[in-house]
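Here the protein sequences line up with chains A and B, keeping their order.
Just so we're aligned, residue 1 is where the first sequence starts under our numbering, counting upward by one.
Just so we're aligned, residue 1 is where the second sequence starts under our numbering, counting upward by one.
Since the hints were derived computationally from the structure, they do not count as laboratory data.
Treat the hints with care, as some may be off.
Listed next, the in silico EDC-like pairs over lysine to aspartate or glutamate satisfying Cα-Cα at most 16 angstroms (straight line) [said to hold, decoys possible]: (1) B/K239 / B/D276; (2) A/K303 / B/D290; (3) A/K267 / B/E325; (4) A/K303 / B/E325; (5) A/K267 / B/E339; (6) B/K20 / A/D149; (7) A/K296 / B/D261; (8) A/K133 / A/E170; (9) A/K267 / B/D334; (10) A/K303 / B/E291; (11) A/K116 / A/D130; (12) A/K303 / B/E292; (13) A/K296 / B/D276.
A few chain A positions that, by computed beta-carbon distances, are all more than 12 angstroms from chain B [as the list claims (entries may be wrong)]: (14) G11; (15) L60; (16) K79; (17) D132; (18) R181; (19) Q283; (20) D299; (21) V326; (22) D371; (23) Q376.
All C-beta atoms, glycine included, are put in the ideal place defined by N, C-alpha and C.
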Amino acid sequence: MRTDTVIIGGGLSGLTCGIALAKRGQRVTIVASGQSTLLFNGGSMELLGNIDGIAVTTPLEAIGTLPQSHPYSKIGADKIAGLADEAKQLLADAGIDMEGNASANHWRITPMGVAKPAWLTLKENLRIDDLDKLPAKRVALMCIRGYFDQPNGMLAQGLRELGFDVKAIEFTTDDITSLRRSPSEMRATTLAKRLISNSALQRIADQINNLSDDAELVLLPSVFGQTDATDFQTLQSMVKKPLRFVATLPPSVAGGRIQALLRHYFKMLGGNYLMGDSAVSGQFDGDKLLGVTTAKLGDMPLKANNFVLASGSFISRGLVANYERVFEPVFDLDVDADGEREQWTRFGVLEPQAYSRYGVATDNDLRCMKDGKPIQNLRAIGSVLSGHDAVKMGDGTGVSMLTALAVTKGIISGK
Amino acid sequence: MAERMQLCNISDNNFEQCTKCSICTTVCPVAAVTTDYPGPKQAGPDGERYRLKDHAYYDKALKLCLNCKRCEVACPSGVNIADIIQHARMKAGEGQRASLRDTMLANTDLLGMVANLVAPVANATLGLAPTKLVMDSVMAIDKHRTFPAYSRTKFTTWFKRHAAKEQDAYPNHVSYFHGCYVNYNFPKLGQDLVKLMNAVGYGVHLLDKEQCCGVALIANGLYKQAKRQARTNADSIRKSVKDDHLTVLTTSSSCTFNLRDEYPSLLGVDTSDVRDGIMIATRFIYNLVDEEKIKLIFKQDFKKRMAYHTACHMQRMGWQLYSIELLRRIPGLDLQVLEQECCGISGTYGFKKENYERSQAIGSILFKHIEDAKVEAVITDCETCKWQIEMSTGLPVENPISVLADALDVEATRRANGLQI
Ligand SMILES: Cc1cc2nc3c(=O)[nH]c(=O)nc-3n(C[C@H](O)[C@H](O)[C@H](O)COP(=O)(O)OP(=O)(O)OC[C@H]3O[C@@H](n4cnc5c(N)ncnc54)[C@H](O)[C@@H]3O)c2cc1C
Ligand code: SF4
Ligand code: SF4
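Please work from the sequences and hints to get the whole structure.
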């Protein structure tokens with residue numbers, strides 16, 4: 001099977017790249033072995049959130065200070081602003097309405113109630129532009145009875161520390177009570193599938209209107225809006241006070257929707273999305289990749305002029321560690337990683353971890369290196385790249401989208 | 001040390017690979033519509049830990065699983081969730097007898113054979129209001145269901161009478177596992193395949209002995225019978241692939257998945273040596289076209305707008321690409337590829353009264369997408385999806401092979417492939 005480009009990995013980076021190429025008329029195949037880390041995303045994108053533990057307020061400026069090994073530096077710091085605008089537009093075209101801009105970070109609120117710098121946030125989510133000027137003082141934090149994926153105590157405490165006057169209010173409706181029969185599966189995504197009828201939303205709105213007395217802002221866990229934002233709009237029209245969603249622990253409804261909308265848009269543009277298949281090996285001719293064999297297509301490899309590796313980090317199996325080494329499992333590409341196992345991790349989950357900066361080695365055009373030489377038509381994007389740290393630097397989603405758009409330009413121009 | 005540690009961590013099914021991310025639960029069509037079902041994570045890897053200790057932890061709700069495999073497709077860690085669930089069900093079902101209703105639904109070929117002899121009567125009676133009511137109350141087959149119509153002439157009879165003789169004259173050859181649906185309900189699909197393959201220079205041959213693949217037997221707990229039939233089919237397929245060097249083509253995604261993957265994983269009937277020789281016809285044809293070994297020429301005046309629905313088992317095999325890409329080659333076809341959703345029927349599941357409402361609730365998302373697509377017909381590789389979609393949307397549903405055969409300019413294609421017309 002031949003298309004112009006084959007992308008390995010169907011997460012944020014693979015889909016961004018696939019959409020951008022398909023829009024320019026390319027025929028693209030994406031092979032994705034499973035769902036992606038977007039299911040962990042609460043509804044925000046980050047360009048650059050922290051450098052050495054200090055929050056970044058103006059990411060475009062801060063990007064200029066990053067070392068040459070960082071993917072942003074390889075793309076070129078001067079190109080970031082333009083690519084960031086393009087990324088925001090691509091999301092909007094796919095039906096994902098986000099607010100924010102690359103010149104100044106705003107704050108998103110994590111499920112644990114911590115404010116983190118962000119670049120873009122879904123319109124319906126709580127977003128704070130300036131921590132000294134909160135959007136409201138008195139907030140009603142509505143907590144769904146029996147729903148575990150929102151640690152309400154920590155969230156309320158975190159919001160109080162930011163200066164909100166928080167009242168945590170537990171509530172339920174008949175619809176929600178009936179869902180509790182299977183408490184182990186009372187997850188955000190299950191709620192979102194069930195709480196869709198206008199009457200179910202009205203019963204929730206009634207509870208909120210009864211219980212939220214003098215609050216100026218109502219916060220509700222983000223368990224609505226499986227396919228689009230209309231459930232939020234419906235709820236807001238029923239709730240008498242301004243309403244915002246707060247992110248929940250994964251699996252996240254907002255992240256699932258972003259994934260589904262991007263995939264849908266990609267398919268609308270004529271792209272092939274092979275869900276549940278995985279790339280297992282490649283056929284090379286010198287420094288050129290000719291084809292990729294997948295587990296399910298078997299003896300019919302995916303052939304293309306260009307290939308893009310968007311297979312994610314360890315959690316998505318884009319990188320694998322065994323007892324001896326860290327490696328890239330499909331092509332055995334060169335990786336930037338420490339050799340000694342003791343150096344990979346540090347004790348304490350919240351400590352900066354060396355392994356989170358590991359990834360495949362690339363040249364300045366993000367071409368993958370194998371045996372010290374770049375493969376001419378294989379580029380890497382997103383979290384499989386080395387030199388960045390989604391957890392500690394808050395640059396994961398930005399790197400995913402911007403590297404995807406940057407290699408698109410390389411592929412189209414034939415450079 | 002490294003090797004030893006790995007060994008400790010490997011079970012028959014790979015439930016230990018589960019990282020508890022819950023992604024599977026987000027795609028399970030059953031968990032989405034009922035709280036009676038605990039969802040794939042709980043029913044599969046989580047429950048397995050308990051069941052390993054003591055099978056008394058088996059939860060009857062596992063019967064609600066459709067075996068649609070969407071959970072497996074979504075799992076980032078490659079856990080064979082639905083297999084784990086099916087095995088637990090098989091273990092729980094050992095020594096129990098299936099009900100008359102389940103036996104009847106499961107024996108698609110037996111039912112087909114009888115109905116076939118009396119097709120006009122069967123079609124009339126199975127569709128009649130009083131019969132439906134009896135089936136509903138006595139047999140617990142939901143009254144809303146329409147049984148697929150039975151054909152008067154079996155596919156095999158037609159083939160022997162009208163097609164078999166000339167097949168040897170073609171330069172290349174394949175075998176065809178037609179399945180119960182083609183044989184008893186819809187011979188036209190088999191005829192379309194013969195027409196298409198012949199036009200590109202391939203003679204089509206039946207297997208020495210074909211029995212129902214048994215997908216419905218497995219779903220209804222008739223494992224012994226399923227195993228017997230699987231052995232017969234495996235032998236015939238082996239003869240075709242190994243001795244005669246003929247690839248075995250199919251036109252049903254569920255039969256195909258069953259023959260290739262469920263025979264070894266659920267029934268313990270090893271087909272791994274011939275697995276690569278069994279494939280859905282669109283894959284075989286696509287490959288020939290891609291390698292420029294054959295040419296397809298389509299009619300100038302074929303103009304249709306149709307939607308492609310990826311059947312769950314087709315997605316599990318990862319082969320929808322072949323059907324879609326072949327269909328895209330038809331110039332007059334405006335093809336809308338639908339988001340993958342489960343139609344809710346899952347073979348015989350939706351025929352059972354206790355499942356009817358759930359089945360329709362599951363399918364409602366797909367039906368809405370079909371309605372929004374504004375098409376004149378739907379295309380899918382699975383016959384039970386076809387029944388469900390036809391009943392629920394009123395639109396006709398066709399197999400990709402029939403659409404290709406319909407759009408094909410047979411004479412021009414035969415000529416382009418160097419055949420005497
Ligand atoms: C728990 C967690 C929380 C995070 N939180 C944030 C956050 O708050 N903010 C932020 O900016 N970033 C966050 N990140 C990082 C962020 O998710 C990533 O930076 C970004 O979304 C990665 O996108 P990606 O497409 O590069 O990779 P992924 O999302 O990992 O997608 C990789 C895809 O490739 C597929 N794949 C892998 N190998 C193969 C193969 N051989 N064949 C076919 N397909 C394959 C996988 O199945 C998957 O679909 C978080 C990550 C994790 C794990
Ligand atoms: S998707 Fe896979 S890894 Fe995640 S909970 Fe389900 S079985 Fe476990
Ligand atoms: S096979 Fe289908 S119905 Fe069964 S658990 Fe998996 S997703 Fe749910």
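Hint-by-hint comparison with the structure:
With a C-alpha separation of about 14 angstroms, the suggested pair B/K239 and B/D276 falls inside the 16 angstroms cut-off, and the hint holds. About 11 angstroms separates the Cα atoms of A/K303 and B/D290, which keeps this hinted pair within 16 angstroms; it holds. Of the pairs offered as hints, the one joining A/K267 and B/E325 holds, with about 13 angstroms between alpha carbons and a cut-off of 16 angstroms not exceeded. Of the supplied pair hints, the one linking A/K303 and B/E325 holds, its CA atoms being roughly 14 angstroms apart against a limit of 16 angstroms.
A threshold of 16 angstroms between alpha carbons decides the hint, and for A/K267 with B/E339 the separation of about 9 angstroms falls inside it, so the pair holds. Simply put, B/K20 and A/D149 have alpha-carbon atoms about 14 angstroms apart, close enough for the 16 angstroms limit, and the pair holds. Taking the CA atoms of A/K296 and B/D261, the gap is near 12 angstroms; set against the 16 angstroms cutoff, the hint holds. Between A/K133 and A/E170 the CA atoms are separated by roughly 27 angstroms; this puts the pair beyond 16 angstroms, and the hint is violated.
Between A/K267 and B/D334 the alpha-carbon distance is near 14 angstroms, which keeps this suggested pair within the 16 angstroms criterion. Distance check on the hinted pair: A/K303 and B/E291 sit about 12 angstroms apart at the alpha-carbon level, within 16 angstroms; holds. The straight-line distance between the Cα atoms of A/K116 and A/D130 is roughly 12 angstroms, inside the 16 angstroms bound, and the hint therefore holds. A C-alpha spacing of about 15 angstroms is found between A/K303 and B/E292, which places the hinted pair at or below 16 angstroms, so the restraint holds.
The hinted pair formed by A/K296 and B/D276 meets the criterion: a straight-line CA distance of about 10 angstroms does not exceed 16 angstroms. Listed as a non-interface residue, A/G11 fails to keep its Cβ farther than 12 angstroms from every Cβ of chain B; the least gap is roughly 10 angstroms. Non-interface call for A/L60 relative to chain B: holds, since the shortest CB-CB distance, roughly 33 angstroms, exceeds 12 angstroms. Remark: the non-interface label on A/K79 is consistent with the geometry, its nearest Cβ contact in chain B lying 32 angstroms away (cut-off 12 angstroms).
The non-interface label for A/D132 is consistent with chain B: the shortest C-beta to C-beta separation is roughly 38 angstroms, beyond 12 angstroms. For A/R181, the non-interface assignment is contradicted: its Cβ lies about 4 angstroms from the closest Cβ of chain B, within the 12 angstroms cut-off. Consistency note on A/Q283: stated as away from chain B, and its beta-carbon is indeed over 12 angstroms from all of that chain's, at 16 angstroms minimum. The claim that A/D299 lies off the interface is violated: its Cβ sits roughly 7 angstroms from the closest Cβ of chain B, which falls inside the 12 angstroms cut-off.
Even its closest Cβ contact with chain B, about 15 angstroms, leaves A/V326 beyond 12 angstroms, as expected for a residue assigned away from the interface. The Cβ of A/D371 lies farther than 12 angstroms from every Cβ of chain B, with a closest approach of about 25 angstroms, so its non-interface assignment holds. With a closest Cβ-Cβ approach of about 24 angstroms to chain B, A/Q376 is found to remain outside the 12 angstroms limit, as its non-interface label requires.
The structure is inconsistent with the numbered hints 8, 14, 18, 20, although it conforms to all the rest.
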